[in-house]
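Using the sequences and the hints given, assemble the complete structure.
The lines below spell out each chain.
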Amino acid sequence: MRQIDKEKFYKELNSLIGEYTVYAPVGDRVKKIKDTKEIKFEGLLTRFPAKEHMLPQNEELFRWNRDKKIEVKIPDTKAIIFGIRPCDARAIASLDPTFNTEKFPDPYYINRRKNTIIISIGCNNPDDTCFCTSFGSGPFDPTGSDLLVVDTGEKFLGIGKEKILDMFGFEEGNDGGEFEALKKKAEGKIERINLAGIKDKLDSLKETDFFKKISYKCINCGACTFLCPTCYCFDIEDMERIDGGKRVRIWDSCMFTIYTQETSGHNPRKQEERRMRQRIMHKFSYYPFLYDIFGCVGCGRCISYCPVNFDIRNVLKTIGGMDE
Amino acid sequence: MIENIRREAEKILKEGVVDLVIGFEEGTIPLKSTPVFIEKPEEAQKLVWNSFCENNLAVYINRFKDKKVGIVANGCCSRAIVNLIIEGQIKREDVYIIGVPCEGMLDRRKMLREGKTEKDVDESYLYTNCRYCGHRNPVIYDYLAGEKLEEHSAQYPDIKEMESLTEEERWQKFSEEVNRCIRCYACRQACPMCYCEVCFVDVNNPKWLEGGVTEADVGYWNLGRAYHLAGRCVDCGACERACPMEIKILNLTRKLNKDVKELYNYEPGIDINEKPVLGEFTYEDKEDFIR
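From first to last, the protein sequence lines stand for chains A and B.
For the first sequence, numbering that gives the first Met the number 0 gives the first residue as 0, with consecutive numbering after it.
For the second sequence, numbering that gives the first Met the number 0 gives the first residue as 0, with consecutive numbering after it.
Quick caveat, the hints were computed from the structure, so don't treat them as lab data.
Backbone N, C-alpha and C fix where the C-beta goes; we use that ideal spot for every residue, glycine too.
Check each hint, because a few of them may be wrong.
Simulated crosslink set (SDA-like; lysine to any residue; CA at most 25 Å straight-line) [what the hints assert, rightly or not]:
(1) B:Lys-45 to A:Glu-272
(2) A:Lys-39 to B:Gln-171
(3) B:Lys-39 to A:Asn-313
(4) B:Lys-45 to A:Asp-310
(5) B:Lys-147 to B:Lys-247
(6) A:Lys-33 to B:Glu-175
(7) A:Lys-31 to B:Gly-218
(8) A:Lys-212 to B:Glu-9
(9) B:Lys-45 to A:Ile-213
(10) A:Lys-245 to B:Phe-199
(11) B:Lys-206 to A:Gly-244
(12) B:Lys-206 to A:Ile-249
(13) B:Lys-115 to A:Glu-190
(14) A:Lys-205 to B:Phe-36
(15) B:Lys-64 to A:Phe-288
(16) A:Lys-212 to B:Tyr-194
(17) B:Lys-64 to A:Gln-270
(18) B:Lys-206 to A:Gln-56
(19) A:Lys-316 to A:Glu-271
The following residues of chain A were derived to be distant from chain B, with all beta-carbon distances above 12 Å [said to hold, decoys possible]:
(20) Arg-28
(21) Lys-162
(22) Glu-179
Pasting the structure below:
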């Protein structure tokens, strides 16, 4: 397996700053860094996922001035996102079928995605709230990463695109089974939830009071969806100023009442349970139906940061335990 | 005390006094109890009361408009209930209160950061508002589940410290905090007093506030929300505990509470027969513009 001294890797990464915009974990967020010395891992996952660099919370689509001149700026900077976890990398990949469609390709997203190299770092020590293995993935899954590195203390083992491995100077070598050993150990710590048949089971619950019961304690804030690396819902807003204005795409959340508020005054999802149903169904029924992947990667942020400890694992387990 | 809570919950469910009891059960993550909604008497055994029951359960009462609700309420939860009654949101007879004297909740995130577990329950981890709490006993209840605790008047050393800073320093502190805001509205949703059917940020015609996350946007949101709580906040801390970005929201609301106390000698949510402080005036008020 190809490998590199960590020191050398960071030196290489540092030398790429400038040519590339480099984002890396700095405390609880993945931030733009000017020097690799700024990188600070705080816990396993950053509190805020890296999706903000693919789909910013506020993204200007175009602007205009009073002379009716319209200016469109499609992002074109080359970027590297380093140090996110494999689940977050897969989460970014899960956004592709939504934004990179044949019919409505989204140039903002596509350009960012195309110009960004994602280097994730394997999880030697997963959190209690991790459940990535339930999705056929795992703490060392390179899916969605251009390069996955595994920290062995002195070295990074690398799996990924040849071109990227060469770019950093990963050398051929023998890891002496360390990758498999670390992988096995990490996977052993993660709870695996049986998701077999979950889509059909969910669909059959659609008109029952199941969602009413589970939504009792949800307070309908957007913490879960905003911190979710796969949630991408947005609203579009015109921000007017005296000298012009801009049209901005902003994050929205299906947990908000206003999300489905119609101009007529009608709101098809006024009740809490309907919004809860939407969130769960979107991730575990509609997304698999449309794209053959789940809209969840099992990072566990919605569990850790939910103000009332709404635990999606319990919902999945309850449904999983039901007869088909 | 927990036995008393469970017994009373079971009793009122069995006797049909209430349709459901809102309380706490063991959570699924470390140092967290989670709201639970008990509908069957035999499920009352699930109820717990410990140092990690950090949500204000009063936020749920209005969800069950067609039901008679029993609720496990500590000091601040009971004060929120009083405020909801004063403001005409619920009726006293619609809610059966199992009162719980409360020794305060612990800052779980701080404990987790320091690698602490359930074994390390210690008052040094008390949330600021719990440490300086003035109403540890429920101010209103139908049943009291434990011995009343000694009360001390509410203190604001944290706010006094903030007041002693210069304007620039305060602004810097404020900026640092609000700039982390992601507009998820967890603070609003966790707050029992934030019950507006349409929040000012959700009104888009006229648009009071854009959906941005610039300092102006998040600052406006945080200040706007705080001001709407002037004379109404019961200092339960639910907003700050709910904030996934750990913004120190109480710096604003506790300052308001301190001001309301000093200006009007008023504490919100104590007596159901009182009027909201900003809903009336007396000749003793400091403002003289109305005379």
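Decide if the proposed pair is consistent with the structure: Lys-316 (chain A) and Glu-271 (chain A), CA atoms, cutoff 25 Å inclusive. Measuring from Cα to Cα gives roughly 21 Å; hence the hint holds.
Keeping to a limit of 25 Å between CA atoms, is the pair of Lys-206 (chain B) and Ile-249 (chain A) held or broken? 15 Å, holds
Would you say Lys-162 (chain A) is clear of chain B, with no C-beta pair closer than or equal to 12 Å? At about 35 Å from chain B, Lys-162 (chain A) clears the 12 Å cut-off, so the statement holds.
Minimum Cβ-Cβ distance from Arg-28 (chain A) to chain B exceeds 12 Å: 9 Å, violated
Sort out whether Asn-313 (chain A) lies within 25 Å of Lys-39 (chain B), counting only the CA atoms. 20 Å, holds
Is the straight-line distance between the alpha-carbon of Lys-45 (chain B) and that of Ile-213 (chain A) 25 Å or less? This hinted pair holds, its Cα atoms lying about 16 Å apart.
Are the Cα positions of Lys-64 (chain B) and Phe-288 (chain A) separated by 25 Å at most? 37 Å, violated
Assess, step by step, whether the Cα of Lys-147 (chain B) is no farther than 25 Å from the Cα of Lys-247 (chain B), and give holds or violated. Violated, at roughly 30 Å.
Hey, Lys-206 (chain B) versus Gly-244 (chain A), does the alpha-carbon distance stay inside 25 Å? With Cα atoms ~15 Å apart, Lys-206 (chain B) and Gly-244 (chain A) stay inside 25 Å; holds.
Given pair status - Asp-310 (chain A), Lys-45 (chain B), alpha carbons within 25 Å: Distance of about 17 Å is within 25 Å: holds.
Pairwise hint evaluation, Tyr-194 (chain B) against Lys-212 (chain A), where the allowed Cα distance is 25 Å at most: Judged against 25 Å, a Cα distance of about 21 Å means the pair holds.
Going straight from one Cα to the other, do Lys-205 (chain A) and Phe-36 (chain B) come out at no more than 25 Å? Holds, because 22 Å separates the two Cα atoms, which is no more than 25 Å.
Going down the numbered hints, you'll see the structure goes against 5, 15, 20, while the others check out.
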